[in-house]
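Chemist: One-letter residues, chain by chain:
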Amino acid sequence: MTREQRLRRIVKPAVFAVCLGPLIWAAWLAASGGLGANPIEATIRHFGDWGLRFLLIALAVTPLREITGFSVLARFRRMIGLFAFFYVFLHFAAYVGLDQFFDWAAIWADIAKRTYITIGMAAFALLLPLAVTSTKGWIKRLGGKRWQALHRAVYAASVLGVIHYFLMIKAGYREATVYAFILAALLGWRLFDRWRKRAAKRAGSPLPA
Amino acid sequence: MLIRFARASDVKSSEITPKAVFEERRRFLRTAAVAGAGLAAGHFLPAPAEAALQGVTKGKFSTDEEPTSVMSVTSYNNFYEFGGDKTDPQRNSKNFKPKPWSVAVGGHCEKPGTYAYEDVIKGITLEERIYRLRCVEAWSMVIPWVGVPLADVLNRYGPTSQAKYVAFETVVRPEEMPGQRTRLLPWPYVEGLRMDEAMHPLSILAVGLYGEELLPQNGAPLRLMVPWKYGFKSIKSIVKITFTDTEPPTTWNQQGPVEYGFYANVNPTVDHPRWSQAKERRIGQFLRRDTLMFNGYAEEVAGLYAGMDLRKFY
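Top to bottom, those sequences are chains A and B. In this text, residue positions in the first sequence follow the working numbering: the first is 82, and each later residue adds one. In this text, residue positions in the second sequence follow the working numbering: the first is 123, and each later residue adds one.
Be careful, since some hints might not be right.
Claimed, not checked - Keeping only pairs whose Cα atoms sit at most 16 angstroms apart, straight-line, the calculated EDC-like set for lysine to aspartate or glutamate is: (1) 251/A / 259/B; (2) 182/B / 421/B; (3) 194/A / 393/B; (4) 251/A / 207/B; (5) 401/B / 191/A; (6) 251/A / 381/B; (7) 182/B / 422/B; (8) 401/B / 184/A.
As the list claims (entries may be wrong) - Residues of chain A placed beyond 10 angstroms of chain B at every Cβ, according to the derived structure: (9) 87; (10) 94; (11) 97; (12) 152; (13) 154; (14) 159; (15) 185; (16) 210; (17) 214; (18) 217; (19) 218; (20) 219; (21) 223; (22) 226; (23) 228; (24) 281.
Hint data in this document are derived by calculation from the structure and do not stem from the laboratory. For every residue, glycine included, the Cβ atom is placed at its ideal position computed from N, Cα and C.
If we strip away everything but chain A, and leave its shape as in the complex, we get:
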């Protein structure tokens, strides 16, 4: 088996299976009664947590690739990004279908009035076109530059996601603070990288590999 075959037939399916873990875990909890006394709340929180975590993992791919030099990591970026959207979508669907039971009037009132819902919905709305245009066909149709510009919306969506999390907390900000720091580091690295590359360009010297 070539390296490429191994990647396609073994590694990618394995990563895919691992990414399904939170869904399988939720299904197991639901079947065993492990979601507790308020299963709707537990379901929404579970998928929201994992949506945010996968967003952070997706944002970590490029920095990790550049820092470690493992260029193969780039091959997993789309899959992880789509899993982030998948869990964010399940979070959204659980809110609409379980929590509000498709009471569109109440949902609309929530979006208009509740800042944390407004922000959460805005983040979801930003992620939706990214998921749709994640295919090779769309990259071609949009052109690399425009596609990349569009996909920078993930930075805004992640910031909104962390704010959304902060706004729903009553007390105990530890986990949310950890996410905020990770996100700040991931976005900060990008700013630093940009500055470094520009400086190198100006100096006329090629970057070290």
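Using the hints provided, position chain B relative to the given structure of chain A.
Modeler: Chain B only, in chain A's frame:
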């Protein structure tokens, strides 16, 4: 002909679930819990042996709504002293010792002092009160409490005319309450009531639920229960009662003055700044239901707030 309309909080004939039924349910749930624990690798913890309370009479004001399962009542709790998650209080309270217990009574009263738990409730008939509980987080339960009227307890200590308010304090035992080793909230947890609220016949000091002594996660051995206010007012594991002439500080009000007022009366028309209070989810049920003014106890307590702007005094 006298036509009497039933009040929302009236006791109806269908209402009071016989103790035998409770016990049957509890037995069933416990069996289920043990079975579940085997199946689900410890998602359920079998209830520890509680002591059955003797001489409990049926009290007034009970609702006929279906009580929330004892499993939910004892596993889904906000008691930050044991941690911030709903399941933490059950999980982290194994080392909590509700006995021996004493309560320090002080302030504007004739008989200040430290009283043993047994003396606090001695001679007062234990009553079962099946109350709705509405959490500020927009979920609710129906709980068959066992307790004594708060007024009967407070009157023992002879509050003077200067006693306008009564302040309560939760025990501080970081070694038994892991949440208190964090800065989740400032400890001790403090709460308070206006004197007329405290003396209202709906206000009780609960010592049990479902006919048995309170478990640590529910505020053992002694907790407040004021059913027309959001749950956080009903302070748990009380060690101090002080009669004051000014409004005492309350923990959540200090945490977020804009979000949690001193009164914290259940009010579907005054939203929490971040979420709506118009509806609630009854634990164990799927669809949300409308939240009732004063949690359905308006007829009994609305008079306490006559002339007050409840948007201002939330």
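Chemist: Compare the structure with each hint and give your call.
Modeler: Verification of the hints:
no. : hint          : result
1   : 251/A / 259/B : holds, 9 angstroms
2   : 182/B / 421/B : holds, 14 angstroms
3   : 194/A / 393/B : holds, 11 angstroms
4   : 251/A / 207/B : holds, 11 angstroms
5   : 401/B / 191/A : holds, 12 angstroms
6   : 251/A / 381/B : holds, 10 angstroms
7   : 182/B / 422/B : holds, 12 angstroms
8   : 401/B / 184/A : holds, 12 angstroms
9   : 87            : holds, 35 angstroms
10  : 94            : holds, 28 angstroms
11  : 97            : holds, 26 angstroms
12  : 152           : holds, 41 angstroms
13  : 154           : holds, 34 angstroms
14  : 159           : holds, 34 angstroms
15  : 185           : holds, 14 angstroms
16  : 210           : holds, 28 angstroms
17  : 214           : holds, 33 angstroms
18  : 217           : holds, 42 angstroms
19  : 218           : holds, 41 angstroms
20  : 219           : holds, 37 angstroms
21  : 223           : holds, 38 angstroms
22  : 226           : holds, 40 angstroms
23  : 228           : holds, 37 angstroms
24  : 281           : holds, 45 angstroms
Violation of the numbered hints given earlier is absent; every hint is satisfied by the structure.
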